[in-house]
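**Student:** The residues making up each chain are set out below.
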Amino acid sequence: MKIVVDTGRCVGAGQCVLTAPSLFDQDDTDGVVVVRDRTPNGAAAEWAREAVRVCPSRALSLHE
Amino acid sequence: MAEVSHSEYNFPLERTCPFTPPPEYRKIREEEPITKVVLPNGNRAWVVTRHTDVRQVLNDHRFSADREHPAFPHLLEGAFGRGPDAEKSMISMDGPEHTTARRLVVGEFTVRRLEGLRPRIQAIVDECVDAILAGPKPVDLVPALALPVPSLVICELLGIPYADHDFFQRNSAKILLRGGPPEERRAAFDALGRYMNELIAKKEVDPGDDLLSRQIAKRRENGVHRRPALAELGFLLLVAGHETTANMISLGTAGLLKHPDQLAVILADPSKTPGAVEELLRFFTIVDTAQARLCVEDAEIGGVTIRAGEGVLALGYAANRDPEVFEDPDSLDVERGARHHVAFGFGPHQCLGQHLARMELQIVFDTLFRRIPTLRLAVRIEDLPTKNDAAVFGLHRLPVTW
Ligand code: HEM
Ligand code: SF4
Numbered sequence: 000m001k002i003v004v005d006t007g008r009c010v011g012a013g014q015c016v017l018t019a020p021s022l023f024d025q026d027d028t029d030g031v032v033v034v035r036d037r038t039p040n041g042a043a044a045e046w047a048r049e050a051v052r053v054c055p056s057r058a059l060s061l062h063e
Numbered sequence: 000m001a002e003v004s005h006s007e008y009n010f011p012l013e014r015t016c017p018f019t020p021p022p023e024y025r026k027i028r029e030e031e032p033i034t035k036v037v038l039p040n041g042n043r044a045w046v047v048t049r050h051t052d053v054r055q056v057l058n059d060h061r062f063s064a065d066r067e068h069p070a071f072p073h074l075l076e077g078a079f080g081r082g083p084d085a086e087k088s089m090i091s092m093d094g095p096e097h098t099t100a101r102r103l104v105v106g107e108f109t110v111r112r113l114e115g116l117r118p119r120i121q122a123i124v125d126e127c128v129d130a131i132l133a134g135p136k137p138v139d140l141v142p143a144l145a146l147p148v149p150s151l152v153i154c155e156l157l158g159i160p161y162a163d164h165d166f167f168q169r170n171s172a173k174i175l176l177r178g179g180p181p182e183e184r185r186a187a188f189d190a191l192g193r194y195m196n197e198l199i200a201k202k203e204v205d206p207g208d209d210l211l212s213r214q215i216a217k218r219r220e221n222g223v224h225r226r227p228a229l230a231e232l233g234f235l236l237l238v239a240g241h242e243t244t245a246n247m248i249s250l251g252t253a254g255l256l257k258h259p260d261q262l263a264v265i266l267a268d269p270s271k272t273p274g275a276v277e278e279l280l281r282f283f284t285i286v287d288t289a290q291a292r293l294c295v296e297d298a299e300i301g302g303v304t305i306r307a308g309e310g311v312l313a314l315g316y317a318a319n320r321d322p323e324v325f326e327d328p329d330s331l332d333v334e335r336g337a338r339h340h341v342a343f344g345f346g347p348h349q350c351l352g353q354h355l356a357r358m359e360l361q362i363v364f365d366t367l368f369r370r371i372p373t374l375r376l377a378v379r380i381e382d383l384p385t386k387n388d389a390a391v392f393g394l395h396r397l398p399v400t401w
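The listed protein sequences derive, respectively, from chains L and V.
Here numbering that gives the first Met the number 0 is used: position 48 in the first sequence is 47, and no number is missing along the way.
Here numbering that gives the first Met the number 0 is used: position 126 in the second sequence is 125, and no number is missing along the way.
Hint data in this document are derived by calculation from the structure and do not stem from the laboratory.
Keep in mind that a hint or two might mislead.
Listed below are the simulated EDC-like cross-link pairs for lysine to aspartate or glutamate, each with C-alpha atoms no more than 16 Å apart in a straight line [stated by the list, open to error]:
{"id": "1", "chain 1": "V", "residue 1": "Lys217", "chain 2": "L", "residue 2": "Glu63"}
{"id": "2", "chain 1": "V", "residue 1": "Lys217", "chain 2": "L", "residue 2": "Asp36"}
{"id": "3", "chain 1": "V", "residue 1": "Lys173", "chain 2": "V", "residue 2": "Glu183"}
{"id": "4", "chain 1": "V", "residue 1": "Lys35", "chain 2": "V", "residue 2": "Glu67"}
{"id": "5", "chain 1": "V", "residue 1": "Lys217", "chain 2": "L", "residue 2": "Glu45"}
{"id": "6", "chain 1": "V", "residue 1": "Lys87", "chain 2": "V", "residue 2": "Glu67"}
{"id": "7", "chain 1": "V", "residue 1": "Lys173", "chain 2": "V", "residue 2": "Glu155"}
{"id": "8", "chain 1": "V", "residue 1": "Lys257", "chain 2": "V", "residue 2": "Glu183"}
Coverage of chain V stretches by chain L, computed from C-beta distances (three or more under 8 Å per stretch; other residues unrestricted) [stated by the list, open to error]:
{"id": "9", "stretch": "92-102"}
{"id": "10", "stretch": "105-113"}
Ideal placement from N, C-alpha and C gives every residue a C-beta, glycine not left out.
Using the sequences and the accompanying hints, generate a full structural model.
**Tutor:** In structure tokens, the structure reads:
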């Protein structure tokens, strides 16, 4: 599984960081999502799925 | 295609019980989830009630947030009004203009950055609780806790000097007061607008470690610093962050007192408080009809065609009680893991201050019920005066004793 980010869509709501802090962070200057681990496995992969669901701007997607 | 001829619902519908949506919401969601209603000015607008449709409207460029457009479906005037001499605020912007404005400031509201404010928020809440415990009972928790906490937190965030806190709190309280004399409200608005401009002027020459000073530096670097635009942002943060958080503090407290089994869950295990806060946000959905949009390009939502020029109310409260998404939606269950609610909206305008609000609510509930374990309502729950006339739902008063 690979996490794909469309940074142009990200509105910096930080839902991904709340959901999976081990996978996501936010840039300090513009709040845009920073992916810490692009290829999560196991439980982390489930968290990645949840992050995709909660992201309010559909900035995140997964390539299985 | 739903060809709508009737117009039986006049919006906004009243929320008379603090704990349940207007009964019509369920009926509309079940029978005609997207339907036309009548606004106070006589215009028609669509209401959208299902969780999936609400999320679609709020995250679709064909629906504009331009609250200054003459056709925008307003329910209440002045809910997000402009400050004096102010510029358009981000909440009314669309597309790239909105993205640019929001990106300029969103770095101040990241989860990590706000963690730095935690000790200050804890101190603010502790001071309020100290004063409550030292004072007479019963006490009204709205002026004693719910209003001052978010107001002082915004002071902290914006870097408002301690000596001015009183002035700031007094005037922001006047702005929020409904039913009071409109001239007084206007005067408070102007006074705060002037204050914000003067404060920014001071920080331009003598910056501190606060949001406004950092914004000045950043905006100068990008060559876009204009005092009225920054004053407008300060105002937006005040208006959007004060009453909302205050109402969630008072309603959340009443909700937990009414459901002692739920309160017991977080008292036994404070790691469950964040989940409880999400559930309280879902359960009360205080910003409901304020999530309005104007359709600017024909769009099909849930099988209904909405035409350019028509207004839409995305009813977050109906969406947050949608049984398709939340099992047994009318019960308060702090352990349900209510992560997909739309209490902070959805799409590009999703609440900028949501992590700050979450942190304030967590600290308030953990501190209040830990420090005053015998806290209880001093009136019957049916007698709590509700803000059923306001854009943001809440309680006028919350008398408690212990
Ligand atoms: C429990 C408390 C709060 C609730 C329920 C709440 C709810 C909301 C909702 C529903 C929206 C979206 C409106 C729309 O889509 O048209 C919103 C936007 C916004 N909120 Fe909050 N809010 C809260 C606290 C705060 C706080 C503490 C702040 C800042 C200090 C804040 C600042 C904002 C701003 C600036 C926007 C506009 C964002 C944009 O247009 O991009 N809010 N809020
Ligand atoms: S949840 Fe979505 S919009 Fe929010 S920071 Fe993460 S990627 Fe960006």
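**Student:** When the hints from earlier in the document are held up against this structure, which numbers fail?
**Tutor:** Those not satisfied are hints 1, 2, 4, 5, 7, 8.
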